[in-house]
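Please model the complete structure; the sequences and the hints are all you need to start from.
Take a look at the letters that make up each chain.
Number of protein chains: 2
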Amino acid sequence: MASWIPIAETSDFSLQNLPYGIFSTDNSDPRIGVAIGEYVIDLKILAEEGVLGNLGSGGDTLKQSTLNAYAALGKDVHSRVRQTLQRLLEKDTQSGDALRDNQPLRDKAFVPLSNVRMHLPMVIGDYTDFFVGLHHAVTCAGLVKPGATIEQLCPCFYNLPIAYNGRASSVVVSETPLHRPNGQFPVDGKLVSGPCRKLDFEVEFACFIGRGNELGTSIEVDSAEDHIFGFVLMNDWSARDIQMYEATLMGPFNGKSFCTTVSPWIVTPEALESFRVAPKKTPRELPEYLVQKKEKSAYNIPIRATLGANGQRYRVADCNTNNVIFSFAQMLAHHTRGGCPLRTGDLIATGTLSGPERENAGCLLEQTRGGTEPYEMIAENSATGNVRRAYLEDNDVITFTARASGRGGNVGFGSCAGKILPAP
Amino acid sequence: MASWIPIAETSDFSLQNLPYGIFSTDNSDPRIGVAIGEYVIDLKILAEEGVLGNLGSGGDTLKQSTLNAYAALGKDVHSRVRQTLQRLLEKDTQSGDALRDNQPLRDKAFVPLSNVRMHLPMVIGDYTDFFVGLHHAVTCAGLVKPGATIEQLCPCFYNLPIAYNGRASSVVVSETPLHRPNGQFPVDGKLVSGPCRKLDFEVEFACFIGRGNELGTSIEVDSAEDHIFGFVLMNDWSARDIQMYEATLMGPFNGKSFCTTVSPWIVTPEALESFRVAPKKTPRELPEYLVQKKEKSAYNIPIRATLGANGQRYRVADCNTNNVIFSFAQMLAHHTRGGCPLRTGDLIATGTLSGPERENAGCLLEQTRGGTEPYEMIAENSATGNVRRAYLEDNDVITFTARASGRGGNVGFGSCAGKILPAP
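For the protein sequence lines, the chains are A and B, in the order given.
Each residue of the first sequence is one higher than the one before, starting from 759 at the first, in the working numbering.
Each residue of the second sequence is one higher than the one before, starting from 759 at the first, in the working numbering.
Calculated directly from the structure, the hints in this document are not laboratory data.
None of the values given here were measured: they were computed from a predicted structure.
Residues from chain B shown here face chain A by an in silico Cβ test under 10 Å; the list is partial:
{"#": "1", "residue": "889"}
{"#": "2", "residue": "908"}
{"#": "3", "residue": "1095"}
Heads up, the beta-carbon is just placed ideally off N, CA and C, and yes, glycines get one too.
Shown next, in the form of structure tokens:
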């Protein structure tokens, strides 16, 4: 699918993608945009000019400063807007007058990506972090308790998608710097209070909820995908020393609540349709509420993590969204099984997406065997030396990128990046 | 402190109390009110009539449908409004013209409590449930693992206030019915999927945050009380079978996310000032960030739990807010120690407030030794027989009430009640 807008082969944002985000410029307040090539299209302006067709009672939702109201309209509306945008933007558009040949409107509605500042795309009511990565779970079990299997530590692991409630207030958009957190943890058997010494990242994939459900109702697994507005990359920054000390009874708390970073562009389910794949099989028979008819319920999207340090960039890990034993649909069905309400804007993440080998480890806890075996990270510019890390250092920048490539062009996520500042 | 409004000796709402809530009537949308005697005072109307004095830029906050904007103004404003209300309402008021002798305004602004419907008082961003009840922790440790101490299960228990992130979307106001949740759990060694069989309540005390803090900053323990807008009772309904099966690695999730009930009236710190008491001592030396200068940092407020069943009311337990090893100030200091932002409207709870004896157990898990020793609950009307419970049954109503009584009159919380409906 070609567009009259120039789209480089290396661009994440093909005509097949069209992800939503919230952007602002020096001259405009935060508003809804769609990325294509090197541009953001200002949907507020297109909606005001009436070129997006009749959205009925949802017409005003595209003029707001978050995506919540628009996401709540449901997938039929999103599908219609996507088709309209593709029709307007395709190379041989029949609707050239509306946008392509309307230079004054193009001047207003197209903003170079290099000129915009991105914001958190949705107001997040609750944020849930699942733990459905197969290799991450198996490896971490052995690290937490040498010789232990994940089923010994967590008998339900293969029977249901386990999760903890994350901290919505600490979710930030990519490029927001974070401070190394202070906390309590033992060092050589002695309890200390001070800056975290085992700061880590976690490579995750997450969805934003479009339509929610009411308290006391459940979402059926086979219709659960209708509740997903779209997907982002997520870095669940983790303070391993704080986390391991605090979490034995109630799960992660301060070890995870100092910052969680998401990529700014919400990629829609429609854009990812051709990258479907089955999740990893669980070895247990599932109860009916988790049996999903659609077999290809996960996605095959490679995610790369890199480290920026000393002015260089180093390869850290290659993960994939397919390393999960449950799909998002199964996660939503389980999340609401007891009647818990999901709301528009809720953020639901997979947990760490490690693959089977050390170079596929989605966090340093795994990659460095709990910090005991520092990992050699290879410089992208081979002229510079490599770098070793046990855990993250101040001023390190961790960046995730992800791109699925198909016949329709690249469907990429932009980047999910954060720089570590010293502890306050 | 006497008022010209008749206040019964059995009323929770003396002139010393003046708690805030959100109410509506058949004729009015949700709005801010203050309870006194058998009435709600409509603060929107008082603000519009200008009898509350000049609130500066905060003047419009009392005309909103939640307490968030008002709570964010900070304690100086709240203190001024409280003083103004007490001056207007005291028996020998010098400002009789403004309200007492202004019958048309009284007719508009005073609404009988029996005519109002109460709503959730604040929009809750995040909800955090701590676990700082001494007796609850000690007893539950032995139930989860016979012979185990709480420090064996949770080495940090006495060193820091532990907590898990709760589910904000499932917090409801008193009188909202709840469904018995469905879930997965083992029964006699076999995994089943269906309605919870071990449904429980938990007696808790909670605060709503007034002013928050920014990401990457911490709240100092000695100024933390300034961030508290006020207090409510809370029932952290728990599905013990679902919880015990799912929570071994990541803490409580579906076992707690089907419903959490709060009482509708937010009692202010000023109203509770004379009921201060020291928390229980922890046996460990605390790090500096948790050392609070003010010794009387907890409260002495008895909370009673009753069961409504068969048209009767039975006494279940007598707890007290003083059964904690950490104060709210210490909880907030710890919560933000790593830089986690609190926001206006966040709900922060203590965990279960059991006392030392069986009749002080704040949940059935403790009171019935994990369901193995059903508890005989005494009818308030001695003519009817008692009732026995291992766990809760469908149509049971659990109600918490709490009242501190001092020279200034009663400072009560109204009630925190919920009725259990069958599983969907």
